[in-house]
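As given, the protein sequences belong to chains A, B and C, one line each in that order.
Numbered per this note's numbering, the first sequence spans residues 198 to 842.
Numbered per this note's numbering, the second sequence spans residues 193 to 399.
Numbered per this note's numbering, the third sequence spans residues 56 to 426.
Careful, some of the hints might be misleading.
The list that follows gives simulated cross-link-like pairs (lysine to aspartate or glutamate, EDC-like), each with its CA atoms no further than 16 Å apart [stated by the list, open to error]:
1) A/K574 to B/E321
2) A/K568 to B/E257
3) A/K464 to B/E321
4) C/K94 to A/D604
5) C/K224 to A/D784
6) B/K228 to A/E208
7) A/K816 to A/E789
Partial list, derived from the structure: chain C residues whose beta carbon lies under 10 Å from chain A [as the list claims (entries may be wrong)]:
8) G86
9) P88
10) V91
11) L99
12) N102
13) F129
14) C205
15) K224
16) P250
17) R253
18) F313
Worth flagging that the hints you see were computed from the coordinates, not collected in a lab.
The beta carbon of each residue, even a glycine, is placed where N, CA and C say it ideally should be.
In case you want the letters, here they are:
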Amino acid sequence: MSSIEIDAPGESVLLMGNEAIARGALEGGIGFAASYPGTPASEIMDSLAPIAKKIGIYAEWSVNEMVALEAAAGASMGGIRAIASMKQDGVNVVADFLSNIAQIGIGRGGLVLVTGDDPGALSSGREKDMRTIAKWYDIPMLEPANIQEAKDMTKYLFELSEELGLLCMLRGVTRICHGRGNVKLGELPKMERKAYFDDAHDTRDPKPTRYVPFPPALRYAELEKKFKKARELVESSPFNWYEGPDRADLVIITSGGGYLYAKEAVKVLKMEDRVGILKVGTVWPIPEKLVEKHLNKAQKVLAIEEVSPFLEERAMELAGNLPPTAPHPIFYGRRSGHINTWGELNPDAAIQALSRIMGLTYQPRDIEYDKKVEASKSYVPKRPVTLCPGCPHRASLWAMKKALKLDGRNGFVTGDIGCYFTGFNASGFFQIRTGHCMGGGIGVANGLGKLGQFGFNQPVLAACGDSTFFHAAIPGLINGAWNQSNFVFVVLDNSATAMTGFQPHPGSGMNAMGEPTKVVSMEALCRSLGLRVKICDPFDLENATATLLKMINDKDGGVRVVIMRRECELIRARREKPPYKVYIDPDKCIGEACGCNRFCNMAFNCQALTWDKKADRAKIDDVICAGCGLCANICPQGAIIREAA
Amino acid sequence: MTVKKSMKDPLNVIIAGVGGQGNIVISSLIGAALVKKGYFVVVGETYGASQRGGAVVSHVRISKETQYGPLIPDGCADIILGMEPAETLRALGQFGNPNVLTIVNPRPIYPLSVLSGEGEYPDISNLVETIKELSDKTWVINATEEAQKLGNPMFANVLLIGALIALGMLPLDKKSLEPVLEERFPKAFEANMGAFKRGAELAGQIR
Amino acid sequence: MNTKVKASNKELFDEVINAGLCTLCGACSGGCPYLVPYKGRIVLLDNCILPEGQCYQYCPRTYTDMDAISRQVFGLPYSGHELGITRGVLMARSTDARVKERAQYGGTVTTLLSLALAEGLIDSAILSRMSDNKTPEAYQARNTEEVLQCAGSNYMACPVLKVLNYIPKHSEDRLAIVTTPCQGLALAKMKNNPPQNRVDMSNVKLVIGLFCTWALSPDEFREFLKENLDLPQVIKFDIPPPPANRFDAYTRSGEVLFPLDQIREFIMPACSHCLDMTSEFSDISVGSVEGLEGWNTVIVRTKVGAELMEIAKAKEKLETDTLLPQNLAHLKEAALLKKKRALGQIIERSGDKRNLLYLGLSESIVNKLLG
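Here chain A stands alone, though its shape is the one from the complex (with noise of 0.2 Å):
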């Protein structure tokens, strides 16, 4: 029995944040979920679609978030209530349809939009605050501070959504998505639900239906109402509150994963009499009242939020209203630099804030311990990302390299977002040149391929993941074909969705909830606008780099195929022993001298394959090693062994 099922009101379970949002959306009686998978989000669907059918809900991984939004947003159409979960580069991929269901509203179902924001950028290329969409698009917004919280906010929200007719939308950040806290239970609904798109017409409304934004004017009056509706709800909301003294010489303003922090260190450096906490929940609308009654009364107030000074900013704007003759704070956060402009809070951020600015000095642990700790730094040696031991990313890479160097023209590879984006280091042989978004890699290179007027003759092969593919590359294929620009796609097909968990995607067979269905295939796909396809095992390194260099050096030019077909070794592991067992004859290993200068370590990059100093010979670590036997092919010497397991 899964968490989140447990039928136990009041009883209190360890929960990850992203399954409290799934639970919070059971308690809020949803019977639609859409996503696509996305770090720090994830988990919400993993955790939904293995006991939808069970619970009699419908969950599905979407080819992309653009689909997930809009098929959630189908359902509330229905007058089913549904939830849509992403992660935050999924919310800029929603951008048009999100800024035009925000302004038309939705249909009887509530819609909750969950962002899983990743602060640092741990999972992503970029950080980005989802709070700004909110505002930008004007859609009510709340943002849990605890694994409790996440729950009960997802509840709330969707009453909150059918209350005022509009999408509404959680904010999670990684520490609060991926965090576990105890959280106690709420009640199941036992809900019949009976789906019926209602859109019964009155032909003397000027709306002519209400699922369009015309007359947009009109929308935009609609928004105005209901936001105004919002903002009084907010000034009372169980979700905002302050606590501390009455009079606080600081009031620190905060929201999700900075409110514990912000706790944390008005408790350490013992200042509960002193400074206080305004926690704000509705990060929008704020709450505008609650907000100025503590303005009011601070001399100095700090913003400890995640990613931008959004509420920083909010409470500056609304300062600047206060009549010329109130006490006016100054303000501290981001843009005083008292909290790091990039990367994410930890309690030491805020305690350091708070200790600069009230003149306090914070040593958690003494000075003799700081002169060992940096006299030892030398033994920690930098620990880069990595493809895991057996991956076929590798191979592929392999014979992307090799090919691109034979064929000796300065070729590159264009990237694009999973688990083989760790190609633009040493563990993929710093192949992939470019990366930006899901579909970027292809997109890119429809560029470059057009290049060849200019000059231009640099061979350029387009990276992609399998479920990459069908989210985001068709239309980067199809402007190829059509536009015929000159590049060889190379799909890096290890049937999953690897990086965020290995879920199904429209090449898999499989849906989210484990039923067998359709698989689109992405050869047809490909050979029907008539581009020419090749599948090969990147395993079988040689036939893989042959083909690679045919298609390079295709005179008809064009967008040519291939398609790196092997599973992740990940997934293959559940299933099966390792099919080899590796280890190197150390009779054969010729060690660090010409010849090799440990080739094996140095150029191939596998975790697996080490060094033993003392022995001066390569040396399989039995414990991590696969089994895959890719590594046997390129020793020069054949020291590299591999058995049939």
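Position chains B and C relative to chain A; hints supplied.
Then chains B and C, alone, in the frame of chain A:
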């Protein structure tokens, strides 16, 4: 070592390792057991990119009074459970202090930066000595080796939990772990209990 | 003048490969995974950071102390003689009809190798072979049949030495190698400073060098052939002596003749910097006899070479005769001309008579050669 009668509140535990070692198994098992006993628990973790061979740190914070934030402030760890020696030292550098208690599995996992010749991996005995210098007390437990003897290196996780609990570092006993292990490993419960017991044994053997 | 004896692949690329001096001899590759010959060039697949490597040491176009090499092979200093150091010069041809049928000229190389194999003097021979679609490839032949398959010139550069580099340290195989002059020089450099981690150079028992004026690019020339011929139909290529000025392709459906000037554009640029026409650092050197079909000119240089020739004659595997004086004179003239031209080319490039790029030659010899 004697069990402290009253637990420091909050009790801050850092689990440091390399992506793929199973940090998350440890933190979620301990966390679940503690919640059942009525404690406030918060666990902070990083997934996604960092899982692929990068450094992974889990923060587990235990309190009788209230829920804390999911990250432990610098220099405030009470216990460091190190699944890999260099990562243990990295964690000590950031979160250690003169009172920290450290358990370390001394089996190295070489980062790519070392394999490609960019950096050096320090001598293991030097590394362990430095870890000892930065801790109040240190227990060196060959968890991977012992787990391999039991049939699977992944038993190292539960083995280390066994050691942690046997040393009285957490307000948990073997009994409180059993239902959690059974729920998590329904098919391999006996084997995991074996690993748990072995960890307790090993901890007991170290003076 | 570059006098570095030891350096890394970076210098190899700077001084030789990217400087248009690479002859594709193959000495730098085979044993090294970082370097691979591909389509007429040496490709660096990955970055080796060794400050000194065998690739640079054995390359015949990095600094070579010609005296030291000559002493290594012959016990004598580099003389600058047109034909190098010789014990005797003669004509020879095979007595075996089957060999003569396949041979380019007299079939001497094929005969000597078969003999060496049959006598148990060697276990295998490393040489170049033309595939069915006329790509030159390095090959290790272990019996007469296999040697016979390698007969015939393809006039394209072939990195034969890479095969040598694959041979492990402990191998007891005794080897013969058929080389072009640049490869012979590389081999001599290897013998002078043997690698400790691969082939035992004392197992190289016999070196047969080929006469060579220049070699054609295996990439571009092959493309040219492909465009102009049905390659699987080709039996043999030949460049008849002047004044013919032709490149001939003999196919099953007749001869196709190309003007030699058309072919000249495919000559490897490195060849114009080479002083050696007769493979001076071999045991036996073999070439054609101008104006006399079906015979080889043979230069015997070492004791090993002389002994093998004696056995060949005694066993009547080879028919020999004296080389006509005018042929010998003409050969010397051609060889000297190659030396002069190459020296001139080198000096024009370096701008300084004392900077001979890769050659370590005394000033007196340089002056003698320049006349």
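Hint check:
no.	hint	in the structure
1	A/K574 to B/E321	holds (14 Å)
2	A/K568 to B/E257	violated (34 Å)
3	A/K464 to B/E321	violated (35 Å)
4	C/K94 to A/D604	holds (9 Å)
5	C/K224 to A/D784	holds (10 Å)
6	B/K228 to A/E208	holds (10 Å)
7	A/K816 to A/E789	holds (13 Å)
8	G86	holds (4 Å)
9	P88	holds (4 Å)
10	V91	holds (8 Å)
11	L99	holds (7 Å)
12	N102	holds (8 Å)
13	F129	violated (28 Å)
14	C205	violated (25 Å)
15	K224	holds (8 Å)
16	P250	holds (7 Å)
17	R253	holds (6 Å)
18	F313	violated (24 Å)
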